[in-house]
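Sequences and hints are given; from them, build the entire structure.
Residues per chain are reported as follows:
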Amino acid sequence: MAVSAGAPLRRGALPFVAWIPKGRAATLAVYIVRRLLWMIPVLFFMVTITFVLMHLAPGGPWDREGRQLSPAVVNNLNIKYGLDKPLWQQFVLYIWGAVHFDFGDSLQSPGQHVSTLLLESWPYTFTVGAVTFILMVPIGVGLGVIAALRQNSWADYSALGMATVFASTPNFVVGIVLIIILAIGMNHLTQGTFYLPTGGLPQPWNPFQAELIMPVITLGALPTAFIARLARSSTLETLRQDYVRTAWAKGLKGRLVVTRHVLKNSLIPVVTALGYLFAFLITGSFIVETLFSIPGIGRTFVNSIESRDYTMILGTTLLFGFIIALANLVVDILYVFIDPRVRLTD
Amino acid sequence: MATAVGVAGQVDWEVPEQIGLWQDAWVRFRRNRLAVIGLAVVALLIIIAFGARLPPTDGGLWHLLHLTGDPFTQNVTNTYALPSLQHPMGTDILGRDLMARVFYGASISLAIGIIVQFLVLAIGGSIGMVAGYFGGRVDNLLMRFTDIMYAFPDLLLVLIFVAAFGPSFWSIFIAIGITNWVNLARLVRGQVLSIKEKEYIEAAKMTGSPPMKLILKHLVPNSLGPVIVTLTFGIPAAIFTEAALSFLGIGIRPPEPSWGVMVEDGYAGIFADPLQVLFPAIAVALTMLSFTFIGDGLRDALDPRMRR
Chain A
1 MAVSAGAPLR
11 RGALPFVAWI
21 PKGRAATLAV
31 YIVRRLLWMI
41 PVLFFMVTIT
51 FVLMHLAPGG
61 PWDREGRQLS
71 PAVVNNLNIK
81 YGLDKPLWQQ
91 FVLYIWGAVH
101 FDFGDSLQSP
111 GQHVSTLLLE
121 SWPYTFTVGA
131 VTFILMVPIG
141 VGLGVIAALR
151 QNSWADYSAL
161 GMATVFASTP
171 NFVVGIVLII
181 ILAIGMNHLT
191 QGTFYLPTGG
201 LPQPWNPFQA
211 ELIMPVITLG
221 ALPTAFIARL
231 ARSSTLETLR
241 QDYVRTAWAK
251 GLKGRLVVTR
261 HVLKNSLIPV
271 VTALGYLFAF
281 LITGSFIVET
291 LFSIPGIGRT
301 FVNSIESRDY
311 TMILGTTLLF
321 GFIIALANLV
331 VDILYVFIDP
341 RVRLTD
Chain B
1 MATAVGVAGQ
11 VDWEVPEQIG
21 LWQDAWVRFR
31 RNRLAVIGLA
41 VVALLIIIAF
51 GARLPPTDGG
61 LWHLLHLTGD
71 PFTQNVTNTY
81 ALPSLQHPMG
91 TDILGRDLMA
101 RVFYGASISL
111 AIGIIVQFLV
121 LAIGGSIGMV
131 AGYFGGRVDN
141 LLMRFTDIMY
151 AFPDLLLVLI
161 FVAAFGPSFW
171 SIFIAIGITN
181 WVNLARLVRG
191 QVLSIKEKEY
201 IEAAKMTGSP
211 PMKLILKHLV
221 PNSLGPVIVT
231 LTFGIPAAIF
241 TEAALSFLGI
251 GIRPPEPSWG
261 VMVEDGYAGI
271 FADPLQVLFP
281 AIAVALTMLS
291 FTFIGDGLRD
301 ALDPRMRR
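If you read the protein sequences in the order shown, they are chains A and B. Residues in the first sequence are numbered consecutively from 1, following my numbering. Residues in the second sequence are numbered consecutively from 1, following my numbering.
A hint or two may mislead.
Stated by the list, open to error - Dumping the calculated DSBU-like pairs for lysine-lysine here, alpha-carbon to alpha-carbon at most 35 angstroms: (1) B:Lys-213 with A:Lys-264; (2) B:Lys-198 with B:Lys-213; (3) B:Lys-217 with B:Lys-196; (4) A:Lys-264 with B:Lys-196.
Everything labelled a hint here was simulated from the structure, so no lab data went into it.
Given below as structure tokens:
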């Protein structure tokens with residue numbers, strides 16, 4: 001999987017800054033600023049594509065199943081939300097608002113700001129995502145490294161087999177199988193703890209509630225398997241390197257060889273993939289939150305797509321884009337610290 | 001391969017027999033048991049998919065696949081039936097035979113998964129090729145565009161696109177095509193950049209080959225292996241996207257029995273009949289797994305570094 005650092009590292013990429021300080025910390029700072037600036041065109045492009053696509057579509061937010069709203073009402077609604085203006089004007093107004101962190105009112109929840117609605121659903125998505133992220137990295141790396149250290153043993157084969165199956169099983173299948181086993185098959189045994197699909201997530205911020213178990217496994221199975229496969233193959237490659245043989249030859253203890261020489265290098269591809277996996281967690285939230293009735297951002301987004309809530313769609317897209325760009329930035333900065341070969345200037 | 005055989009006729013017999021890239025790849029592909037199983041499953045699915053779409057007047061295959069019932073015929077007196085001899089996977093909420101529907105669903109998933117790769121190849125291949133070949137300003141512009149597309153999560157853009165152009169087979173098809181080309185474009189560009197520096201390209205340029213001939217005769221054949229592998233891995237991804245969209249209620253619309261639609265239908269009644277959601281879910285997972293195995297096999301077979 002080719003995951004690149006995203007923004008280019010070219011001289012003169014900061015057009016308005018003539019003076020660029022020297023030194024490693026300063027270079028890093030400049031790099032971060034550059035990357036933050038690069039986010040602006042990315043987010044702008046995302047909003048533009050989304051905006052154009054939404055307005056290309058036939059139909060609008062006031063379409064109703066069955067009885068339609070009267071033309072006068074639709075007209076008034078259009079005036080109220082500025083949808084009667086020419087498209088370019090709407091676009092400029094939206095961008096102007098977004099620059100001032102005003103993302104408008106939701107079209108389907110009258111009188112509610114988009115930002116309020118997003119803030120309300122954020123804790124649910126964050127809790128599920130954060131728990132998944134915190135668990136998937138160590139579990140995936142652990143499985144992969146253990147499998148590689150005992151290559152061709154039963155531990156290796158079972159870890160690799162599981163990782164291969166889970167890496168190509170869609171998340172909704174994992175979720176459904178979990179529901180059938182835990183919530184239906186073992187409902188008596190588990191005292192109804194997992195009697196979910198209609199239950200949702202009762203407490204937004206609590207990372208220790210039992211209701212999180214199924215969503216987290218559903219969301220995390222694929223990325224964990226992906227990390228395990230990656231960690232296994234990169235560890236195998238590292239183990240074959242000359243410096244590892246040297247480390248063994250000079251009589252270093254096994255654990256030290258692994259922690260000091262092998263792990264550090266075999267983790268680099270995993271770190272590279274983290275940005276990609278982060279985006280995966282976000283799109284995974286669409287499915288997981290629909291599957292388990294969690295009132296998070298993913299479900300809000302799917303609902304607003306169905307109901308053509310333009311402002312909600314744009315706001316959510318911006319939020320997702322921002323989170324992913326930020327995650328990629330963090331990954332790239334981590335990269336600099338893990339891999340000393342990475343140089344920030346060319 | 002023909003040239004390889006021709007050359008082999010003239011060479012010194014001390015040199016071991018030469019085999020072409022594809023022959024060699026096939027030999028190594030066959031050694032990978034999982035890949036062969038995956039290929040067999042996919043071949044079976046393709047037959048099923050074609051059979052399910054045959055016009056009903058045809059006997060033979062169509063008849064065989066519709067032994068248990070028709071995917072669209074409702075029977076409200078026999079809903080949520082458990083698996084039996086007549087209905088090996090039971091029936092759904094409207095009494096339609098589930099097995100016939102799973103068979104029919106194969107045609108939608110495979111069509112999206114496989115055919116969309118041609119669109120991905122056309123977009124990603126040409127963008128990567130142009131960027132890598134011409135370099136400079138063109139490369140810069142195209143790669144910045146690719147970076148931006150990369151920052152856009154696939155499923156997010158596909159959702160917006162399908163919402164805009166209405167939920168239909170073709171809008172899903174195009175949406176997947178215009179979002180999934182990014183990896184391929186990067187790969188092709190990298191390949192072209194590395195091949196461009198090789199001596200035989202320089203030699204071809206010096207003998208006065210026009211750019212089009214350079215691309216078709218040298219760049220395309222030499223970067224084919226990794227491209228095929230990437231496209232193969234794109235198939236399960238596309239199948240997943242379609243199923244996920246349909247599951248979210250934004251993809252293929254009922255009554256068309258896409259696997260995603262069937263999962264959504266079955267999920268609504270999961271407590272009444274868990275089997276109903278399980279069969280299409282397993283069908284999606286199995287299909288994706290088979291393509292992944294094929295991809296793994298192809299990668300090992302086509303990677304020149306793995307040659308013995």
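Query - Given hint Lys-264 (chain A) paired with Lys-213 (chain B) - CA-CA distance at most 35 angstroms - result: violated (46 angstroms)
Query raised in the report: Does Lys-217 (chain B) pair with Lys-196 (chain B) here, judged by a C-alpha cut-off of 35 angstroms?
Result: With a Cα-Cα distance of about 13 angstroms, the restraint between Lys-217 (chain B) and Lys-196 (chain B) holds, given a limit of 35 angstroms.
**Report entry** Agreement of Lys-264 (chain A) and Lys-196 (chain B) with the hint, judged by alpha carbon distance not exceeding 35 angstroms
**Finding:** holds (34 angstroms)
**Report entry** Hint consistency between Lys-198 (chain B) and Lys-213 (chain B) [alpha-carbon to alpha-carbon, up to 35 angstroms]
**Finding:** holds (16 angstroms)
In this structure, only the earlier hint numbered 1 is contradicted, and the remaining ones agree with it.
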